[in-house]
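Residue numbers (this note's numbering), protein chains in the order written: chain A, 1 to 840; chain B, 1001 to 1481.
Hints should not be assumed to be uniformly reliable.
To be verified - To give an idea of the chain A side of the interface with chain B (calculated C-beta under 7 Å), a few residues:
1. 49
2. 52
3. 650
4. 714
5. 838
Unchecked claim - With a Cα cut of at most 16 Å, we get these calculated EDC-like pairs of lysine to aspartate or glutamate:
6. 48(A) x 1470(B)
7. 48(A) x 1434(B)
8. 48(A) x 1121(B)
9. 648(A) x 1470(B)
10. 115(A) x 1434(B)
What the hints assert, rightly or not - For each label pair, taking beta carbons as the anchor points, the in silico distance ranges come out as:
11. 1249(B) x 768(A): 26 to 32 Å
12. 468(A) x 1095(B): 25 to 31 Å
13. 1110(B) x 468(A): 54 to 60 Å
14. 215(A) x 1176(B): 43 to 49 Å
Since the hints were made in silico from the structure, they are not lab data. A quick note: this is a predicted structure, and the numbers were derived from the prediction, not measured. We put the beta carbon where it would ideally sit given N, CA and C, even for glycine.
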Amino acid sequence: MFRLASAFALTAFVAAAPAMAEEGANADAPNAAEVAFFESKIRPVLVKHCYECHSAEAGVAEGGLRLDDRSAIRAGGTRGPAVIPGRPEAGLLLTAIAHADRDLAMPPDQPQLPKEVIADFRRWIERGAHDPRDGAATVASDRETLLAQAKNFWAYRRPVASPPPAVADETWPRDDVDRFVLARLTEQGLAPSPDASPETLVRRLHFDLIGLPPSPEAIDSFLAEASAKGIDAAIAAEADRLLASPAFGERWGRHWLDVARFGESSGKEANIPFPYAWRYRDYVIDSVADDVPYDRFLTEQIAGDLLPYESNRERARLLVATGFLAVGTKNLSESNETQFHADLVDEQIDSLSRALIGSSIACARCHDHKFDPFSMKDYYALAGVFESSKTYFGTFVSPASQQGGELIRLPRLDDEVALHPSVTAKRYAEMKEQLAALEAERAEMDEAQKEFLAGRKPKKEFTLTDALRNIWQTGPLVGKLQTIDEQGRAVPVAMGVLDDPAPTESPLFARGEIARPGDPVPRGYPEALRFDSAPPIPQDASGRLQLAQWLTHPEHPLTARVFVNRVWSHLFGEGLVRTVDDFGRTGEGPSHPELLDTLAVDFAKEGQSLKRLVRRLVLTRTYRQASIFDGNAFHADPDNRFLWRMPKRRLEAEAIRDAMLAVSGELDLDRPQGSLVAKKVLDKPISLIGLDKALPEDLDGSTTRSVYLPVIRDRLPDVLELFDFAEPALVTGKRDTTNVPVQALYLMNSPFVRQRAEAFARRLAKAANNREARIELAFRLSLGRLPEPHEIERASAYLASASDADAAESSTADSVAVDEEGWNRFCQALLSTAEFRQLD
Amino acid sequence: MSPFHDDSLRPSRRAALKSLASGFGYLAFAALAQRPTTGIASPAGGPLAAKETHFPARAKRVIFLCMNGGPSHVDLFDYKPKLNDAEGRRTADSPLKGNAALMPSPFRFARHGQSGQWISELMPELAKQADDLCFVKSMHTDLPNHAQAFLQMHTGSFQFTRPSLGSWSLYGLGSANQNLPGFVTINPPTDNGGARNYGNAFLPAVYQATKIGANQTPGFYAAILGVDQEPGPPLRNVDNEWMTKQEQRRQLDFLRDLDSLKLERDERNPEVEGAIESFELAFRMQDELPALLDLSGESQTTLDDYGIGPDLPTARFGRQCLLARRLAESGVRFIEITAPGSWDHHFQIDSALKSSCQATDLPVAALLRDLKQRGMLEETLVIWAGEFGRTPYAQSGTGRDHNNKGYTLWMAGGGVRGGLSYGSTDELGYQAVENPVHIHDWHATILHLLGFDHERLTFEYAGRDYRLTDVHGRVVTDLVA
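Please take these sequences and the hints and turn them into a complete structure.
Shown next as structure tokens:
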């Protein structure tokens, strides 16, 4: 379009005469040359450089100013008219692009527009600012409008339960959930799929609830119960058994750890280990297993340090809970401390808001949010809360890390665990002495520097090398001393957050730049999400406790909705809102709004129990559907938004690995103490762990559950890395599912899979002594079903030819005794099938 | 081939093909059903199938020679006579004018080729290719810190996890050899953002680089500890010590039959279809890739050309350059290789810079010559770049500090104008003054050469259309031949 306009300009502009008179509001025949000038010289510049922040299309009008139609550009924003035809200096547009006013230099943070462009604008305004753009577009041109719109946005209104709709087929529903789903299906001319087979259901239940395959015994007893008492009773009983298992905590705790962007190293370029992060991981797993009510669970993680407690054990647990705010990525190579802390607070705001309320409030650090009603003021009001708290992340200054942190010492317990090494009391005393000496030397250096700067010759001279040596020797000593007592014994320490004694307000930093602090912003909640009964933030506290109370308040429109949607998505493959981490304007709306709201209201009413919610959902008829294909339904609803079937789902990395170990009979269900990071990596920079021969190359080498594998940022264990583990730097409500050849290479060639196959084969050999029985057992163990006749034949034939030697005499296949190696290969193939990694 | 010929035992083969065919129909349908906000629709044939570009491409592939650490432009390509004499240093048109610490370049410069490009004596081999080189002498980036600048060079952003240049390229182009990964990085550094520099971020994982070369030890530590920077095998899990190839083929035939039976029962199951494809490519890959990575069949002449031989300072980078050529020839779309050691010359620039050049000059020149001889240079964009340049003033007396305000990179082949020197820094080489080119502009230009409008090569993530250049970037059309 611009190209056409500029070609037009070339032919028409030459003849143009200055037109000083302002065009009429309905100027239907504006001077063609002026229009051409506008189209070729002005509009493209506005589109390219200004519309991003000042247009209806972008949904944003910074400073109340829109530049995308004639009346808007003339009306201007909060500072006044942008363009006054004929008077270039009188409107603000030219001032801004000519950088005549430092505070109004546009476009922001970019070099000034070329001189010719500025001259074009001057000429355009002088000639009357001809502008053919009749504004059809509308946008909230001020915050009030944006906030008013927000009040009507579905996600910012309080959820309200709806009575379940009437359905034609009363025999289908088991729960009100089913009525909502069935009514919607019927409305769309669709019907639910038939129930899945009991074999499919028991496998689905086991993986969904505890992340492990059902054993053949569990399958048998489920089938027996289903035929004796009916499928409803069988599912209920099985669900109860699984919900009571500690494995439920491991499975669903991991779901939360995805959202909590849990990681055991700082990430970013320095990437220093967090050897105490595992305590937070265990806290999450235990809390989920104990079914701590969700509102309480959140409050503990945001403000556990501020909650009352009755025992040391409880206090320790509550302190560890605040690890949620401490385990995020840290830019430890940032040398500017103010910048480092601003980034740390930003990470906390970002993770908290995405994880709990599906909102990207951190976008407002540098500019008012472009789509959602969050302003910079909202952002810095929250920043004040976190700036009034101190984060204990516990890495120390070293050549690899510019920033040191502290650790929280946990109250002492009889059965406490501290996995880091102790030292002797003598060594402790030496370390204290060394530290004192280093500190004394540091004082001398400071003194020398003062003298030097004052132009005097220092008593003692130091080189840069001396200073670095001092800093780098001090860091590890300070770090170590934090983790031992006066006898040199390791004491339990944790990452977390405590209130700062002197709460502060954060200044509003212009464009998020720490060098440009503005007025302080009182601590508080985002304006669009305020309600009258939200607790006020006291002057003498950080406000974290109130923040938690506000988030978990029954009137908060987002918290419960976002959570029940996350739970739904883990059980049904997609959320009712598919953008599980984004409930803002850029997210998708819910497929079943009344259902989502009703679930959220019921969840709050019924004690915010995750287990109760999961139980309710897996007992629905909706959950019980088969995952079969139906051409008509598929064409009507390819994404299955109306839930006409259960989707097929790829298992997560952990479930794939755990299932291999379970099938091979090697899975160790006990929780290991700590993690590899706590026990072996400790303080070593992550980039060096490749050199450590004591560490397994795939960072695995265990037979415990995958949730206990080390979660090292940018250096995950192979199996997690390959099978789409949640990126531990980001809040991840929904993982990717990829299907890439490196996964196949892992299944084909890795020692881990080979070892599982060998153990699986040994297990078969022990349990059954004829070929067919072994094949049957292998299928039941790995796929939860009996093989079909074709499969038995194919498997037998394969076993007879697995080795080159066998293949050479394939005509006598049946008579050849299958050797051990053949079974190994057969077992590996079963573990590599797509079906093994998929839930029907 | 499988030893099974009995069709009753193998209903799967035909059925699988049939299912696969309809499966691809599913993919095409899914692509159509998507909201039309993604810039490039996934065509039939999967996300790696070759795709249409926005307009005819000049380059079909990229070889990125990554000069980790920040090479000193004022000692290599950006000749500043005023830096070299006291009078010039006092009067130069530069904010640094009169700065006492200004350090002349210890190296001699001369003009080379018909184009008369200035190149210092440290790159005698590259100088012979001067007429193929397109210098951008007015580069600038946002921050003078390695980590941020390195990430910005690779992903456009240092604040956020964003897809890398190579991932965007592969996302746009698709793969040209279905037996190989489309994006390969050899020995990437583990620091400065590590895997993020070649990661897919929110793009589908198929677009991430296949990393060749084991986990490395950063040069800093390797030097202190006296260990090799690149221990271990280049790609994990390609060898199978338990089975012969034939045995593995039979095992995979069995596996494919089981998967096909599942597919047949389910009628449609894209995950199973994908798995079948994936195992087949993996099987082919483990044949082709190790062979490609094995240089033992190369002639002595070739090895000599690239400077590969025991104890030669060029051996390591020579090997990487030769690998890059082999991968490019085999259809890999984006190949990144990283120079050994680092160009971070804070100290003793006269000797240290010399040895960095010694390790790389010959191999790089050999690569250009080799590509040219094979007729590949025209459609292969070769990029030589570090994350920033270095200051004209001295640091610790003998070295230079980081400089993000102005530096030099070069490109060759792939539709760029050889023999061009574009833009300039001030008279001391401190700050880009004429035709400054930002990282975003450079990215926009690379995508342009690959046939893409950088504003239209987008991917929707969390409700927003993202692009490599964010909201910035302009194509520097003067660089395009």
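Enumerated hints in conflict with the structure, sorted upward: Of the numbered hints, 1, 7, 8, 9 and 13 do not hold.
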